[in-house]
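Chemist: Chain residues, written in single-letter form:
2 protein chains.
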Amino acid sequence: MVTQTVNEAIQAVDEKLRSVVASDVDLLTDASRHIIKSGGKRMRPRLVFLAYLAAGGQDVVEAVPLAAAIELVHTATLVHDDINDHSLTRRGQATVHARWGRTFALLTGDYLFTKVYEMMAPYGPAYNVVMADACVKLVEGETLQAAAAKSGQMDRETYKTIIARKTASLFEAAARMGAQLGGANQDMVNALSSYAHDLGLAFQIVDDILDIIGDPETMGKPVGGDLTKGAGAFVVQNGQHTDGTAVLEAPAEVDPIKAMLSRLRESGAVEIARMEAVQLADRALRSLADLPPSAARDEMQALAEAIVEREQ
Amino acid sequence: MVTQTVNEAIQAVDEKLRSVVASDVDLLTDASRHIIKSGGKRMRPRLVFLAYLAAGGQDVVEAVPLAAAIELVHTATLVHDDINDHSLTRRGQATVHARWGRTFALLTGDYLFTKVYEMMAPYGPAYNVVMADACVKLVEGETLQAAAAKSGQMDRETYKTIIARKTASLFEAAARMGAQLGGANQDMVNALSSYAHDLGLAFQIVDDILDIIGDPETMGKPVGGDLTKGAGAFVVQNGQHTDGTAVLEAPAEVDPIKAMLSRLRESGAVEIARMEAVQLADRALRSLADLPPSAARDEMQALAEAIVEREQ
Chain A
0 MVTQTVNEAI
10 QAVDEKLRSV
20 VASDVDLLTD
30 ASRHIIKSGG
40 KRMRPRLVFL
50 AYLAAGGQDV
60 VEAVPLAAAI
70 ELVHTATLVH
80 DDINDHSLTR
90 RGQATVHARW
100 GRTFALLTGD
110 YLFTKVYEMM
120 APYGPAYNVV
130 MADACVKLVE
140 GETLQAAAAK
150 SGQMDRETYK
160 TIIARKTASL
170 FEAAARMGAQ
180 LGGANQDMVN
190 ALSSYAHDLG
200 LAFQIVDDIL
210 DIIGDPETMG
220 KPVGGDLTKG
230 AGAFVVQNGQ
240 HTDGTAVLEA
250 PAEVDPIKAM
260 LSRLRESGAV
270 EIARMEAVQL
280 ADRALRSLAD
290 LPPSAARDEM
300 QALAEAIVER
310 EQ
Chain B
0 MVTQTVNEAI
10 QAVDEKLRSV
20 VASDVDLLTD
30 ASRHIIKSGG
40 KRMRPRLVFL
50 AYLAAGGQDV
60 VEAVPLAAAI
70 ELVHTATLVH
80 DDINDHSLTR
90 RGQATVHARW
100 GRTFALLTGD
110 YLFTKVYEMM
120 APYGPAYNVV
130 MADACVKLVE
140 GETLQAAAAK
150 SGQMDRETYK
160 TIIARKTASL
170 FEAAARMGAQ
180 LGGANQDMVN
190 ALSSYAHDLG
200 LAFQIVDDIL
210 DIIGDPETMG
220 KPVGGDLTKG
230 AGAFVVQNGQ
240 HTDGTAVLEA
250 PAEVDPIKAM
260 LSRLRESGAV
270 EIARMEAVQL
280 ADRALRSLAD
290 LPPSAARDEM
300 QALAEAIVER
310 EQ
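The listed protein sequences derive, respectively, from chains A and B. Just so you know, numbering that gives the first Met the number 0 puts 233 at position 234 of the first sequence, and the rest follows in order with no gaps. Just so you know, numbering that gives the first Met the number 0 puts 230 at position 231 of the second sequence, and the rest follows in order with no gaps.
One thing to keep in mind: the hints can contain errors.
[Unchecked claim] The calculated DSBU-like cross-link candidates involving lysine-lysine, where the alpha carbons are at most 30 Å apart (straight line), are:
{"no.": "1", "chain 1": "A", "residue 1": "36", "chain 2": "B", "residue 2": "15"}
{"no.": "2", "chain 1": "B", "residue 1": "15", "chain 2": "B", "residue 2": "36"}
{"no.": "3", "chain 1": "B", "residue 1": "36", "chain 2": "A", "residue 2": "149"}
[As the list claims (entries may be wrong)] Label pairs and their calculated CB-CB ranges:
{"no.": "4", "chain 1": "B", "residue 1": "29", "chain 2": "A", "residue 2": "2", "range": "45 to 55 Å"}
{"no.": "5", "chain 1": "A", "residue 1": "301", "chain 2": "B", "residue 2": "57", "range": "52 to 62 Å"}
{"no.": "6", "chain 1": "B", "residue 1": "100", "chain 2": "A", "residue 2": "25", "range": "26 to 36 Å"}
{"no.": "7", "chain 1": "A", "residue 1": "38", "chain 2": "B", "residue 2": "25", "range": "33 to 43 Å"}
[To be verified] Derived list of chain B stretches under chain A, where covered just means 3 residues or more per stretch with a C-beta under 8 Å from a C-beta of chain A:
{"no.": "8", "segment": "22 to 31"}
{"no.": "9", "segment": "77 to 91"}
{"no.": "10", "segment": "100 to 106"}
{"no.": "11", "segment": "121 to 128"}
{"no.": "12", "segment": "131 to 144"}
Simulated from the structure, these hints should not be mistaken for lab results. All C-beta atoms in this analysis are idealised placements derived from N, C-alpha and C, irrespective of residue type, glycine included.
Work out the full structure: start from the sequences and follow the hints.
Modeler: Structural data, given as C-alpha cells:
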C-alpha cells in the first residue's frame, strides 16, 4: 500500500521534472530531459515521501514538487560530474557531455540548478535554508573528492567527510523537508534526518564497493571508473597488507586499474567496507525506533536493509 | 551624498562577498576570493541600492546581503563563462580556470551559485521568485549565445533575446528587489524594473562595442575576444555594405579577427549600435519620470547617461 503510493508519487516526480525543464531554448529542454530520462534510483524523492508519510502527512501529492526539486539537485550534479570525469555513458545512455559537448553540458547543469531554485522559491525559509545548506555541502564534497583524486591522497577521515557532504547531506535534507511538510514535530524531524544521513553514508559506501566488484552489465557503466578518480578510496584505504603496505601498487606490466581491482577483491577490503555500510544501516534503523509505528516506517526499515544488499 | 552612501554600501558588499564564500575547503575560499577580488563595476549592487533609496528606503545597509547575492550570481556566471570561452585573463588577472584548472573552476562556479542560494534562503518567495526567474533567463541567454557562436548564425532578434536574458534580466531583478525592500508601491517597482531592464540592454550593447573598438589597456583584456564567440554580433550584424554583403568576410591573408575589427570600425556599424544604446538609455530615463524626485533618481539618471559614454 505505502509502496504503491510512493511509487505513484515517484512517477509524478518524473512527470514534474519533464515539464519543469521545458524552455524555448530547445537544447536545454532536450538535454535536460535526456538526463532525467536516464533515470536512476530516485532514492532522494523516495526519502521525501517516506519521511512525509512517517511524519503523518496525509496527501503525498503535496510533496511532489519538493521531491522533484531534490532529485533535480542530484541530476544537475551528475551532468557536471560527467564533464569533470570525462564520462561518456551513464546508465547505458550517452552523457549530456558526450552528446551535446562540454559547453552545453556545463550550461545544462547550471540550468537544472536554476530550475531547482525556481521550484524552491515559493517555499519559505524553513525549507530553503535546509536545501541551500545541502547544496553548499554537496559542492564542497565534490571539490574535496576532486582534490583527493588529483593529489592521489585520501585517508579514512577525508573519505568520510566527502561522502557525508556529497551524498548524506542531500539524503538528510530530503527526509528533513519531507518530515517538515508532513507536520512532524522537532524530535521526529531529527530522527528522520539522522536516519537519512546514515542511510546516505551506507548507500555511498555500497556504491563505491559496486564500482569495484559490480557486474558492468547490471551497473550499466564500466566498473573501476571511480578508482581512477579516487572515489573508491574507502575500499582502497582498507586494502592494506598486514604490514601496512598498500595492495594498490599495481604491477607495471598489466592494466593498473584491472590489477588494482583484482588485488582489492582478494584483499578483504571490500568485506571491511561492506561491514562498515552494514553498521551505518544499523545505526539508521536505530533512529527509526523513536518514531511512532507506521507502514512508512516499516518501508524505511526495509529500505535500509535493502541498500546494503543491493547489487546495482 | 547619495554617491557616497552607495559607494560605502558597495564596499560593504565586497566585504560580505569575501566573508560569505569562506569554506573549510580552502580551494573554494581561495578561488572564490580571487574572482571576487578581480572586481568589476558592481553595476548590479549599485542598482539594488539606488532602487532601494529611490523607493524611499531609509537604511541602505539593510540591502547589502541582497546586493551581494545579486553580484554573486554575476560572478558565478563569469567563472563558468571563462571555462567555455577558454579565457585566461579577466581584468588583468588570471581566470579561475587558468589558475586552478577546469574541474575546480566548474566547481567554484557551482559553489558560488549555492552561496547565492544560501544568502537568498532567508528571504521570502517575493524575492526568491524574482531572483530564480532572473537566474533561469540568464542561463538561457548564455545558452542561446553559445549556440549562436557555434552555428555562426546570429540575427538581430536573436541578439536582442540574448542580451535581454543574459544581462537585462539580472539588472531588472536587482532594481525590482531593491525597490521591494525599500517599500516601493507596485507602480514604482515597475518603473524601476523597466529602467533597469533598458539600462541592462544599453550596457550590454556598449560592452559589445567596446570589445570591438576599446583600448586593450583600459579594458584589462584583449579586444576582439567576443567576436570569436559571437557576442559582438549586434555590431557585426549592423556591419553590412549597402548591397547587403557582410563586411565580415575577412581577407584570408591576414589575422581574420584583426581584419574584422578594422572593417567594422570603418563600416559605421559601431555608430549604429551606439545610437541604439543611446535610444535604450533614453527609454530608461523616461521610466524614471514616473518616480518622485529624489537624489537617488538623479543618480540613476546620471548612470544611464554615463553608461553609453563609458570607455571601459
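Chemist: Of the numbered hints stated previously, which ones are contradicted by the structure, given in increasing order?
Modeler: Hint check: 1 fails alone, others pass.
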